[in-house]
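Q: Sequence:
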Amino acid sequence: MNVAEGIFTVPDLLTLQECQAYIALTEREGYQAAPITTASGFAMRPDIRNNTRVIVDDAARADDLWRRVRDRIPRFFQGRQAIGLNERFRFYRYDPGERFAAHRDGPYRRENGEKSLLTFMIYLSEGFTGGETVFQEVSVTPQLGMALIFEHQLIHEGAAVTSGRKYVLRSDVMYGRVGQIRG
1 MNVAEGIFTV PDLLTLQECQ AYIALTEREG YQAAPITTAS GFAMRPDIRN NTRVIVDDAA
61 RADDLWRRVR DRIPRFFQGR QAIGLNERFR FYRYDPGERF AAHRDGPYRR ENGEKSLLTF
121 MIYLSEGFTG GETVFQEVSV TPQLGMALIF EHQLIHEGAA VTSGRKYVLR SDVMYGRVGQ
181 IRG
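Using my numbering, count along the sequence shown one by one with no gaps and you end on 183.
Hints were generated in silico from the structure; no laboratory data involved.
A virtual CB, placed ideally from N, CA and C, is assigned to each residue, including glycine.
Treat the hints with care, as some may be off.
Pairwise CB distance ranges (calculated) [claimed, not checked]:
(1) Ala21 x Arg70: 20 to 26 Å
(2) Met44 x Val134: 18 to 24 Å
(3) Arg70 x Glu111: 34 to 40 Å
(4) Phe76 x Gly164: 26 to 32 Å
(5) Ala39 x Ala59: 25 to 31 Å
(6) Arg45 x Arg88: 37 to 43 Å
(7) Arg67 x Arg88: 26 to 32 Å
(8) Phe42 x Arg110: 25 to 31 Å
(9) Asp63 x Gln143: 33 to 39 Å
(10) Ala21 x Arg88: 29 to 35 Å
(11) Gly164 x Ile36: 35 to 41 Å
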């Protein structure tokens with residue numbers, strides 16, 4: 001569903017049980033304070049971002065999610081062709097008072113020239129208040145199992161959670177040269 005220019009959602013991409021399984025996986029892995037990316041590398045800036053995260057690389061799950069969503073993703077974008085989701089999943093956990101101030105997402109680049117152009121997120125939890133994803137034009141209210149996909153260059157923020165706990169799966173839509181075969 002198109003929300004605004006460069007921003008769209010896919011309701012019910014994951015079931016409650018699938019969301020709970022992702023949350024259980026990440027809690028077993030363990031969350032840590034989340035850095036921001038700066039021109040000189042990673043930095044801890046709790047004034048900008050104070051949530052926690054865990055990184056899980058899982059190509060099989062990325063392929064599964066891609067099969068479910070690929071028909072709803074722009075096949076061609078900025079002269080490139082969509083080839084799949086980034087297997088590097090970043091899971092974010094937000095407790096009351098935690099947020100991620102206004103920012104742009106940067107691209108994930110592979111040595112073979114593939115790079116991400118779209119942010120791909122799925123909201124994994126419910127029963128919290130706050131935590132909207134806020135863009136300049138629109139605010140997206142999280143819904144369990146819903147994917148939010150948007151252009152990296154769009155300024156957005158993860159508003160503070162005011163009660164409960166919010167979980168998010170974050171990945172990227174990867175694009176390669178037109179005609180590139182992934183192997």
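Q: Between the beta carbons of Asp63 and Gln143, is the distance compatible with 33 to 39 Å?
A: 24 Å, violated
Q: Verify the CB-CB distance for Arg45 and Arg88 against the hinted window 37 to 43 Å.
A: 21 Å Cβ-Cβ, so the 37 to 43 Å window is violated.
Q: How does the Cβ-Cβ distance of Ala21 and Arg88 compare with 29 to 35 Å: does it lie in that range?
A: About 19 Å separates the Cβ atoms of Ala21 and Arg88, which means 29 to 35 Å is violated.
Q: Holds or violated: 35 to 41 Å for the Cβ distance of Gly164 and Ile36?
A: Since the Cβ atoms of Gly164 and Ile36 sit about 24 Å apart, the hinted range of 35 to 41 Å is violated.
Q: Assuming the hint says 25 to 31 Å, is it satisfied by the Cβ distance from Phe42 to Arg110 or not?
A: Once the Cβ atoms are compared, 19 Å apart, the range 25 to 31 Å for Arg110 and Phe42 is violated.
Q: The hint says 20 to 26 Å between Ala21 and Arg70; measuring C-beta to C-beta, is that right?
A: 22 Å, holds
Q: Looking only at beta-carbon atoms, does the pair Arg67, Arg88 fall within the given range of 26 to 32 Å?
A: Taking Cβ atoms as reference, Arg67 and Arg88 lie about 18 Å apart, which means the hint is violated.
Q: Could you check the hint for me, namely that Ala39 and Ala59 are 25 to 31 Å apart, CB to CB?
A: For Ala39 and Ala59 the Cβ distance comes to about 30 Å; the hint holds.
Q: With respect to the beta-carbon atoms only, verify the hint that Arg70 and Glu111 lie 34 to 40 Å apart.
A: This hint is violated: roughly 23 Å between Cβ atoms.
Q: Cβ-Cβ distance between Phe76 and Gly164: within 26 to 32 Å?
A: Given a distance of about 39 Å, which is not inside 26 to 32 Å, the answer is violated.
Q: Return holds or violated for the Cβ distance of Met44 and Val134 against the range 18 to 24 Å.
A: 23 Å, holds
Hints 3, 4, 6, 7, 8, 9, 10 and 11 from the earlier list are contradicted by this structure; the remaining hints agree with it.
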